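For the record, the sequence lines run as chains A and B.
Taking my numbering, the leading residue of the first sequence gets 20, the next gets one more, and so forth.
Taking my numbering, the leading residue of the second sequence gets 2, the next gets one more, and so forth.
Don't read these hints as lab results, they were simulated from the structure.
Quick caveat, the model's predicted, so the values are computed rather than measured.
In this text, a Cβ means the ideal position worked out from N, Cα and C, and glycines have one as well.
Be aware that a few hints might be false.
Okay, the calculated bits of chain A under chain B, using three or more residues with CB under 8 Å as the criterion [unchecked claim]:
no., segment
1, 32-39
2, 84-95
3, 169-179
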Amino acid sequence: MTPAVRRRVFLVAAAAAGALLLWGLTGLPDYGVYNGPYGDVLNRVAVAERSATNVVAAVTFDYRGVDTMGEEYILFAAVLGVAILLRAQRDEHEEPPDEDAADRDAPATSNAVRIVGLTLVGPVVLFGLYLVAHGHLTPGGGFQGGVVLATAALLVYLSGEYVTLRRVSPELVTDVAESVGAASYVAIGLLGVAAGTAFLANVLPLGQPGQLLSAGTILPINAAVGLEVAGGFVLLLSEFLEQTLVIRRPGEVT
Amino acid sequence: MLKFLPYMVAAWLLLVGLYGIVTSRNLVHAITCLSVAQSSTYILLLSVGFERGGTAPVFLDVPVGTRAVDPVVGALTLTDVVVGATVSALLLALAVQAQKHQGTLDPERFGKERD
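Put together the whole structure using the sequences plus the hints.
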């Protein structure tokens, strides 16, 4: 199928799909008018039931905890997939790829980038930990905090060398962090079974709403997710960086 | 018109993202287009749960009972964003492989450059 034919086929299909979408979307309640009962019910009962002031976190890690476990394993599987895809390739190509621009060196990292990057690492780590630890109180949580923590590793790479990144986040540490994070979620879920209720039931003491130590299992689940996301994203980062570096500087990093 | 504007934006993003994928001549571009198409779901979910005058469903500074938007769609959007990011990572890894095996990122030229 030539690109022109394909474009025409798509435009016909898109017109039909667009008309269907329009038909469906105009049947939705007007924007700004909320009819569904669930959001209102949860907003009314979640703080009293779960001691979590962030109702989104209460939904994600408690009421919908099993779904979020599936989501966490999607993340786990995707990171695993990337690692496997990019690893097999390294073994296939033993010979160093051609240097595309042997006469041009990559520019050295400027001191400005180095200083700003390294200055930001500490605050970014602190902010990431804050987001993970306060997920049940304020907007944030394990997913957001984990990504912010992984950004700290990116800053180390930006302000230094790939080898520095490797030194501060060895593969073993990121692998273990990701796996332990993923496994802890299930372990916290099994606490409910051990207590004689359902899997992922919130069986830990709930505490007072607004306190750091409150909301039962939501806080430890956030910590587990934060660990897994941070480990997973650093792993993704290193895998992709390793690809470019293997091509750019053969033999230096293997 | 304003009553439907966010829904129209969602429909537009979905279609324009799909158009980008269909006409793409570069896999990285196609993956970005998929992200564009997927971002339509964020807008759709959040628009469905939005309530005029509603605050964020976080009751640390405001008392319970304050009008707030739907927390369920917020949680669903969180899932959506995470899955979107990981799918992009996986697809980009496949694009790296495609470049290595085919010598090009243009799907039209796959199988024509070298074996």
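Hints, verified against the model:
no.	hint	result
1	32-39	holds (count 3)
2	84-95	holds (count 5)
3	169-179	violated (count 0)
Consistency note: the structure conflicts with earlier hint 3 alone.
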